[in-house]
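**Q** Each chain is listed here by its residues.
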Amino acid sequence: MTVNVVRTAPGGAGAPRARASRLVWFLIAALAVLALSMLASITFGSLPTSVGDAVDVLRGTADANTASVVQSRYPRTALGLLAGLALAVAGTIMQGVTRNPLADPGLLGITAGASAGVVSATAFLGVSGQWNTVWWALPGALLAGVLVHVIGSAGSGAGLVRLVLAGAVVSAVLTAYVQAVTLGLPKVFDSYRYWVVGALGGRDFDVLLSVLPTAGLGLVMALLLAPSLNTLALGDESASALGARPGVTRALGLVAATLLSAAATAAVGPIAFVGLAVPHIVRAVAGADMRAQIVFSAVLGPALLLLADVVGRVVLRPQELMVGVVTAFIGAPALLVAVRRMKGGT
Amino acid sequence: MSRPRGFLVLGRAVAVPVSRVPVTVGLVLIVLVLAACVATLSLGRLGIPLADLPGALSGGASGKAAFVLERLRGPRLVVGLGAGAALGLSGALFQTVTRNPLGSPDVIGLAGGAGAGAAAVALLLPGVVPVPLGALAGALLAIALVYVSTGTGFRNPGRLIVAGIGVSAIAVAFIQYVVYAVERDKATVLTAYVNGSLSARSWEHAATIGIVLLVVAPLAAAIAGRLGLAEMGDETAAMLGAEPGRTRTAAVGLSIVLSAGAVAVAGPIAFIALTAPQIARRLTRGTGPHLTLAALAGALLLVLADLAAQQLPLPGSLPVGIYTLALGGLYLGYLLVREWKKGTL
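One line per chain: the protein sequences are A and B, in this order.
The numbering used here numbers the first residue of the first sequence as 1 and each following residue consecutively.
The numbering used here numbers the first residue of the second sequence as 347 and each following residue consecutively.
Wrong hints could be hidden among the right ones.
To be verified - Calculated cross-link-like contacts (lysine to aspartate or glutamate; reagent style EDC-like; alpha-carbon spacing at most 20 Å):
| # | chain 1 | residue 1 | chain 2 | residue 2 |
| --- | --- | --- | --- | --- |
| 1 | B | K410 | B | D398 |
| 2 | A | K187 | B | D398 |
| 3 | B | K532 | A | D190 |
| 4 | A | K187 | B | D531 |
What the hints assert, rightly or not - Here are some chain B residues pointing at chain A (derived, C-beta under 8 Å):
| # | residue |
| --- | --- |
| 5 | P472 |
| 6 | T496 |
| 7 | G497 |
| 8 | G499 |
| 9 | V508 |
| 10 | A509 |
| 11 | I511 |
| 12 | I516 |
| 13 | A519 |
| 14 | Y523 |
| 15 | V525 |
| 16 | Y526 |
| 17 | L664 |
| 18 | G675 |
| 19 | L676 |
Claimed, not checked - Here are the computed distance ranges between Cβ atoms for each label pair:
| # | chain 1 | residue 1 | chain 2 | residue 2 | range |
| --- | --- | --- | --- | --- | --- |
| 20 | A | V150 | B | S545 | 36 to 44 Å |
| 21 | A | V220 | B | L471 | 51 to 59 Å |
| 22 | A | P333 | B | A546 | 31 to 39 Å |
| 23 | A | Q71 | B | S663 | 21 to 29 Å |
| 24 | B | V374 | A | P186 | 36 to 44 Å |
| 25 | A | D63 | B | V475 | 47 to 55 Å |
| 26 | B | S663 | A | A334 | 37 to 45 Å |
| 27 | A | V150 | B | S548 | 40 to 48 Å |
| 28 | A | V150 | B | V367 | 28 to 36 Å |
| 29 | B | L676 | A | G60 | 57 to 65 Å |
| 30 | A | A32 | B | V475 | 26 to 34 Å |
| 31 | B | L380 | A | F124 | 34 to 42 Å |
| 32 | A | A32 | B | L676 | 49 to 57 Å |
| 33 | B | L471 | A | Y74 | 37 to 45 Å |
Keep in mind that the hints were calculated from the coordinates and are not lab data.
The beta carbon of each residue, even a glycine, is placed where N, CA and C say it ideally should be.
From just these sequences and the hints, can you work out the full model?
**A** Here is the structure:
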């Protein structure tokens, strides 16, 4: 099995050992990028501080004023770390499971479910504030995910087409509901339009803590599943012949992706493109092995999201551009460039 | 697939093969469309009573009936019919070409571009440029961007859809930013528009979509035969002389013009282009593109959805696009459940 996987890996001409050491170097580089992006995230903001200031704060040698400014950026950096990791790993698993390079968490009804949860809570229960809505976004996202899985995988076959269709169905109905409620109730619309853009700012550590169990469960599942996900790449027949159960692996993989993206969306709102783009970068770096892919996603996803957030803080200073907008404006052109390198056919 | 085939006999020498099922389905759809039109005109507080309707339609309307017919519901109904037919036809062309049952020009950025165009106009040039014009420009710009970035024009469906996802994402992010940045009243109006709406239509709108249909429908009919061949796969189609590349470009082009026309008169209405061809296909159990039936199904869907938008007792008047979204979603769900029971798919 392992031999097969290595053979199918792009650029996998070298011996396994050479590949492994190359991977380690890549991983060190990726971790360095992540560390730099975290440092940038606590350095840049509407109040100017320097990298030196941030380092001083980290070492505990800064004055109280600078320290409080820099420390106010900790929750946002932590959220970026969690959301970026969750979205990227979820995207990697989904693309691996569905073998569809365009699979991303929005496909499973997660975004629509979280939106419906937030809107219902603000409209009918009078909930307000970023950290209260998270308690409604999470169950909304999870419920929608469960619904999609139930509709999409019940009965015979449980094909991926069905799942995608089920996602489209659930998303459409929930989106219609969200639009109807928000257009009918101006007050709800007002808070919804701020939530739906997707932003890291204005949330505190409580938001992070409230989604941490869900995200943690998803990540653990993803890591445990990684070896079985590798066998999926061989095709269902070979995988079954090797004793794997492709159907079960696939279902569990999608559950893990659902948990991860639900946690991220509940915490920071819908963010496009991290789940879609990072897996592509990761495959180019890490090759076909799902274990390596998941590890690299967990490092590069947060790096990308944090850098996008920093860009959003800098371009319109003193105003901020929300990270959801930035990721779309960075990710989409990258996708357009990548299109030209696609092979013919569908 | 055995379809009952009959022949339409014209004189002694001519026998045109006619599939009975599509004709029957077509007639049923026409009757349903007419019924929906009558209901649209006569239901509700301001409706023209059924007994007065023939008189009113033949020019004898006066007072309230004339106002309802000529200003309030007449243009709206005609725009709904036209936009629905255009969307149905557009979706049928697009799905046949891309062989993707979820395809419509919206997938390649048309709806997103239209929304972003409307948003840009609302934000940057409020009151200077009419919003529909901005929407049209945005839609065409998005498509142009997709066309350029694929590098192969409209020939490669896979690339087309990926590029469409990219362009749509930018557009949606832009819309969300504008909705976030402008004050609430404007944001509400913009959101309603981005969903697609038929309220307050005029006869100019009706004329616009009518002209689009008159120009495009014959062209669509002209390539319908080759489209059927293109469905068989590139190699077979090429062997049969169907020039798959060119047919595809032509079909996508026509599909875009139709959807853009609909966007200009009604905003980006969801799901009609997607569901109408599917309904046509399932009703006939056939394989061809069934352009006429898809157009009829589209008109029926949109008029029904707008009927719901006008008559359902919900707070606020919701744009028709929300109803098509909900209806389309439920219909897709119904299909899923049905095919699940049958064990297909």
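**Q** All the hints need checking, so say for each whether the structure fits it.
**A** Each hint tested on the structure:
Taken as a hint, the K410(B) and D398(B) pair is honoured in the structure, with Cα atoms around 12 Å apart against an allowance of 20 Å. Note on K187(A) and D398(B): the hinted pairing is violated, with a Cα-Cα distance of about 43 Å set against a maximum of 20 Å. The suggested pairing of K532(B) with D190(A) holds, with an alpha-carbon distance near 11 Å, which does not exceed 20 Å. Annotation: proposed proximity of K187(A) to D531(B) holds, straight-line Cα distance about 11 Å (limit 20 Å).
Evaluation of the P472(B) hint against chain A yields a violated restraint, the C-beta minimum of about 18 Å exceeding 8 Å. Nearest Cβ of chain A to the Cβ of T496(B): about 6 Å, under the 8 Å cut. The hint holds. Hint status for G497(B) relative to chain A: holds, with the closest Cβ pair at about 5 Å, below 8 Å. Annotation: interface hint on G499(B) violated; nearest CB of chain A at approximately 12 Å, more than 8 Å.
Of the supplied interface hints, the one on V508(B) holds, with its beta-carbon coming within about 5 Å of a beta-carbon of chain A, less than 8 Å. For A509(B), the interface hint holds, the least distance from its beta-carbon to any beta-carbon of chain A being 5 Å, beneath 8 Å. Annotation: I511(B) was flagged as interfacial toward chain A, and the flag holds, the nearest CB pair being 6 Å apart, inside 8 Å. The beta carbon of I516(B) is positioned within 8 Å of a beta carbon in chain A (closest approach about 4 Å), and the interface hint is therefore held.
Hint status for A519(B) relative to chain A: holds, with the closest Cβ pair at about 3 Å, below 8 Å. Taking 8 Å as the C-beta contact cut-off toward chain A, the hint placing Y523(B) at the interface holds, the least distance being around 5 Å. A cut of 8 Å between beta carbons decides the hint on V525(B): the least distance to chain A is about 5 Å, and the hint holds. Checking Y526(B) against chain A by beta carbon gives a least distance of about 5 Å; that is within 8 Å, so the hint holds.
At a threshold of 8 Å, the smallest CB-CB gap from L664(B) to chain A is about 5 Å, leaving the interface hint in force. For G675(B), the interface hint holds, the least distance from its beta-carbon to any beta-carbon of chain A being 3 Å, beneath 8 Å. Checking L676(B) against chain A by beta carbon gives a least distance of about 6 Å; that is within 8 Å, so the hint holds. With their beta carbons about 37 Å apart, V150(A) and S545(B) fall inside the hinted range of 36 to 44 Å.
Look at V220(A) against L471(B): about 52 Å separates their beta carbons, and that is inside 51 to 59 Å. About 37 Å separates the C-beta atoms of P333(A) and A546(B), a value consistent with the hinted range of 31 to 39 Å. Q71(A) and S663(B) have their C-beta atoms about 49 Å apart, which leaves the hinted 21 to 29 Å range violated. With their beta carbons about 43 Å apart, V374(B) and P186(A) fall inside the hinted range of 36 to 44 Å.
Between D63(A) and V475(B) the beta carbon distance is about 53 Å. The supplied range of 47 to 55 Å therefore holds. In this structure the hint that S663(B) and A334(A) lie 37 to 45 Å apart at CB holds, the actual value being about 41 Å. The supplied range of 40 to 48 Å is met by V150(A) and S548(B), whose beta-carbon atoms lie about 46 Å from each other. The given range of 28 to 36 Å is respected by V150(A) and V367(B), whose C-beta atoms sit roughly 35 Å from each other.
Taken as a hint, the range 57 to 65 Å holds for the pair L676(B) and G60(A), whose Cβ atoms sit roughly 59 Å apart. One distance hint, 26 to 34 Å for the beta-carbon pair A32(A) and V475(B), is violated here, with the actual separation near 49 Å. The supplied range of 34 to 42 Å is met by L380(B) and F124(A), whose beta-carbon atoms lie about 40 Å from each other. The given range of 49 to 57 Å is respected by A32(A) and L676(B), whose C-beta atoms sit roughly 50 Å from each other.
With their beta carbons about 42 Å apart, L471(B) and Y74(A) fall inside the hinted range of 37 to 45 Å.
In this structure, the hints that do not hold are numbers 2, 5, 8, 23 and 30, in rising order.
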